[in-house]
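Put chains B and C on the given structure of chain A with help from the hints.
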Amino acid sequence: MGAAVHIPDGFLATPVWATLDAAAVPAAGFIVRRAQREFDEGKVPLLGVMGAFVFAAQMINFPVGIGTTGHLVGGALLAFTLGPAAASVVMAAILAIQALIFQDGGILALGPNVVNMAIVGVLAGYLPFYLWGGGKWRKLSLFAGGTLSVLVSAVLALAELAISGVKMPASVLGVSLALFLVSALLEGAITLAVIQALESIQPRFVREPAAGRSFALGAVSLGAVLLAAVGVLFASTGPDGIEKLGRQAGIASHARTLITTPLSGYKVAFLSSSWLSKAGAGLAGLALIYGACLLIGRAVSRNRSV
Amino acid sequence: MHHVVLERWSRGNSAIHRLDPRAKISALLVFLVVLATAHRNLVTLSAGLLMLLLATLVGARLPLAAAVVRAGIVLPFTVVFVCICWWAGDPARGIALLLKSYLSALAVMAVVSTTPLPALMRGMEMTGSPRFLLMVAQFLYRYLFVISEEAQHMSKAAASRGATSRGLIGSTSRGRSRFRAAAGALAVLFARSYGRAEDIHRAMLARGFQGRFRTLGALRFRTADALFAVLASLAPILWRVAVEKVR
Amino acid sequence: MPPLIEVRNLKFTYEDGTRALNGVDFRLEAGETVALLGANGSGKTTFVMHLNGLLQGEGSVVVCGLAMEKRNIPAIRARIGLVFQDSDSQLFMPTVLEDVAFGPLNRGMSPAEAAARAQAALDTVGMAGAAGRAPYHLSAGEKKRVAIAGILAMDPEILVLDEPTTFLDPPGQRSLAALLANLPQAKILVTHDIPFAQANSNRAVFFQNGAIAAAGPVEDIAVRFGWEFAVERSKSNR
Chain A
1 MGAAVHIPDG
11 FLATPVWATL
21 DAAAVPAAGF
31 IVRRAQREFD
41 EGKVPLLGVM
51 GAFVFAAQMI
61 NFPVGIGTTG
71 HLVGGALLAF
81 TLGPAAASVV
91 MAAILAIQAL
101 IFQDGGILAL
111 GPNVVNMAIV
121 GVLAGYLPFY
131 LWGGGKWRKL
141 SLFAGGTLSV
151 LVSAVLALAE
161 LAISGVKMPA
171 SVLGVSLALF
181 LVSALLEGAI
191 TLAVIQALES
201 IQPRFVREPA
211 AGRSFALGAV
221 SLGAVLLAAV
231 GVLFASTGPD
241 GIEKLGRQAG
251 IASHARTLIT
261 TPLSGYKVAF
271 LSSSWLSKAG
281 AGLAGLALIY
291 GACLLIGRAV
301 SRNRSV
Chain B
307 MHHVVLERWS
317 RGNSAIHRLD
327 PRAKISALLV
337 FLVVLATAHR
347 NLVTLSAGLL
357 MLLLATLVGA
367 RLPLAAAVVR
377 AGIVLPFTVV
387 FVCICWWAGD
397 PARGIALLLK
407 SYLSALAVMA
417 VVSTTPLPAL
427 MRGMEMTGSP
437 RFLLMVAQFL
447 YRYLFVISEE
457 AQHMSKAAAS
467 RGATSRGLIG
477 STSRGRSRFR
487 AAAGALAVLF
497 ARSYGRAEDI
507 HRAMLARGFQ
517 GRFRTLGALR
527 FRTADALFAV
537 LASLAPILWR
547 VAVEKVR
Chain C
554 MPPLIEVRNL
564 KFTYEDGTRA
574 LNGVDFRLEA
584 GETVALLGAN
594 GSGKTTFVMH
604 LNGLLQGEGS
614 VVVCGLAMEK
624 RNIPAIRARI
634 GLVFQDSDSQ
644 LFMPTVLEDV
654 AFGPLNRGMS
664 PAEAAARAQA
674 ALDTVGMAGA
684 AGRAPYHLSA
694 GEKKRVAIAG
704 ILAMDPEILV
714 LDEPTTFLDP
724 PGQRSLAALL
734 ANLPQAKILV
744 THDIPFAQAN
754 SNRAVFFQNG
764 AIAAAGPVED
774 IAVRFGWEFA
784 VERSKSNR
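Protein chains in written order, with our numbering: chain A, 1 to 306; chain B, 307 to 553; chain C, 554 to 791.
Extracted from the complex, chain A is given alone in its bound form (with noise of 0.2 angstroms):
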């Protein structure tokens, strides 16, 4: 299925695609205006240019043995290199060209794939680098990066596509996410791999982390990883799993409501697939706290540096 998931029009429910499109709106609002913050209108060029690069970086191809390659997606190696907010302009650049001259990826469903990947796919691929990239954990810190931001966006398009109705057997999607981790990590090993070949040229084009972080923020966005990999761990166990644990946390019947709301009238969807649709939203409600926590992180940090 590949790294990066564009979901075309047609295949999203109306609450889903109609909801994301919505969020995306002041959603892009708030990057660009971050981005042209740091950057004024005569970045254009750069950011143009970069998201070309990325591009045609998907030419060079990554030998992975047994006669595969595999190629760079990139949200990540923006984020560390032009920073999370350009990273974002760049990548939803990048999808609406696609959408719009390959046809690649829906018209409606844009604001679906600019969520995942765009917005949440590059928060989740900047935030190991933010808490950790500054000290010894640096490399590993950018693998995890690379292998989050296009782990995030695949899971992310897969719960929407299954709450979307989408029925996907147990095994397809076994497969699936197998294929997707394998994606994530080697997108996480060439991102760290072309990091380190950049800092051997020209270190001046990778960032450094923000400075200031606080030990709360960094603990809460660890337990934020963790409750995700639990939640997945816990969902691909089946439903009964998360339902023992969403009881117990008071998660499982928020989640419940949270699906049966907008999707009254897709009783078929909802019994279907039940667990996943739960695991789905589980999943993306944890994103949305990650992208939340690094929100938060920069506020204070850029209070305390003030």
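Hints listed in this document are in silico derivations from the structure and should not be mistaken for laboratory results. Small disclaimer: the values here were computed from a predicted structure and weren't measured. Possibly wrong hints are sitting among the right ones.
[Said to hold, decoys possible] BS3-like mimics (lysine-lysine), calculated; alpha carbons at most 30 angstroms apart, straight line:
| no. | chain 1 | residue 1 | chain 2 | residue 2 |
| --- | --- | --- | --- | --- |
| 1 | C | K623 | A | K43 |
| 2 | A | K43 | A | K139 |
| 3 | C | K623 | C | K564 |
| 4 | C | K564 | A | K43 |
Just chains B and C now, kept in the frame of chain A:
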């Protein structure tokens, strides 16, 4: 190549080409929403919408067969899901996915093949999309092929220096070094692209750039455009209403 | 008549410590064409970037009577036009007309005026029909001409061309030479191409280690600095 063909088609000169991009964008959105939200009598609905699109393509004097085939670019992804749906016992959804995604792609293609990208972007800007983002997309498109050619040269050069199929996992030192070589190539491409961006910025400053792009002209919305926007929006809506009233 | 460009004792060091310019003195009079010769890294391109304020070093740079200070830079950039080596980095707008109109628009002209100015400039360089085309589809020679048009549209007094013949084949070079001969502005040609310099300039200066080591006719400089071989070879190729 796909985009080259679409670009060539977009430089045509039919009545459809001459329409204001905003009229075409609004008609496209209505079409997509009508299609995406439909659940009943999909096959009949799709047939009518297909006719609508084909008529538009004919009116735009575009090669019909070629356009219909090109919209199939969306099929590989969709076919996978059609198979999944079939296997999961939900063939109806599979058909729905196929029809909806193909027709949506054809509709988008119809607009993009009759509107040059700069005009399309200006239309999008005037209907509320963030200007900064659109300008980045325009620059991206402008330099897409320039950078891709550079990447191609680098790829060929690397391949001519030894092309086995071993890789990261297969063998040990050789595979890993080929992986690192590819990473090195990407890093070089990154640096070259970044350097080019700085060159572009210098060229902009040299010609008096002071922080904001100024454009040549706004678009003018004529009666013909308004007429098209209304009619082209009504057509799919009325068709769907008709289709759903039956039975 | 005062010189169009007067540079005195210009020094410049890059951030990484490389001393790029070591006290350069230079003058450009109206109507003349000067070739800047010298090996790669000798400081030629660094020097020309000081003429429109892209770089600022120590020493005095006066262009068209304006001292190189922040408040003068917009006016200076309107009077001296720089044509860079890589035309792809210079033609950054989606269409030819929009690109050539970029300069006039930045100078505050109305869209209609700017478009007219751009079309006139395209006529001057012989690319009148190219207005709606995308730069990507042009040949190297056509791109160079459009780049020059983009500068001419600003109505400058001085043209600076950095390695203009790099991507051009001999017919393209001849075409460029013919175009330049018809333009009345004073010109600076940064080039490696001795025959091109010889055919198109009144005099030359030779850059070496960030300073001007010699000045005079192109042939004299070529011979003096061991570029004789290149001159002989190109003479026999004609």
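Here is what the structure says about each hint:
no., hint, result
1, C:K623 to A:K43, "holds (21 angstroms)"
2, A:K43 to A:K139, "holds (29 angstroms)"
3, C:K623 to C:K564, "holds (18 angstroms)"
4, C:K564 to A:K43, "holds (29 angstroms)"
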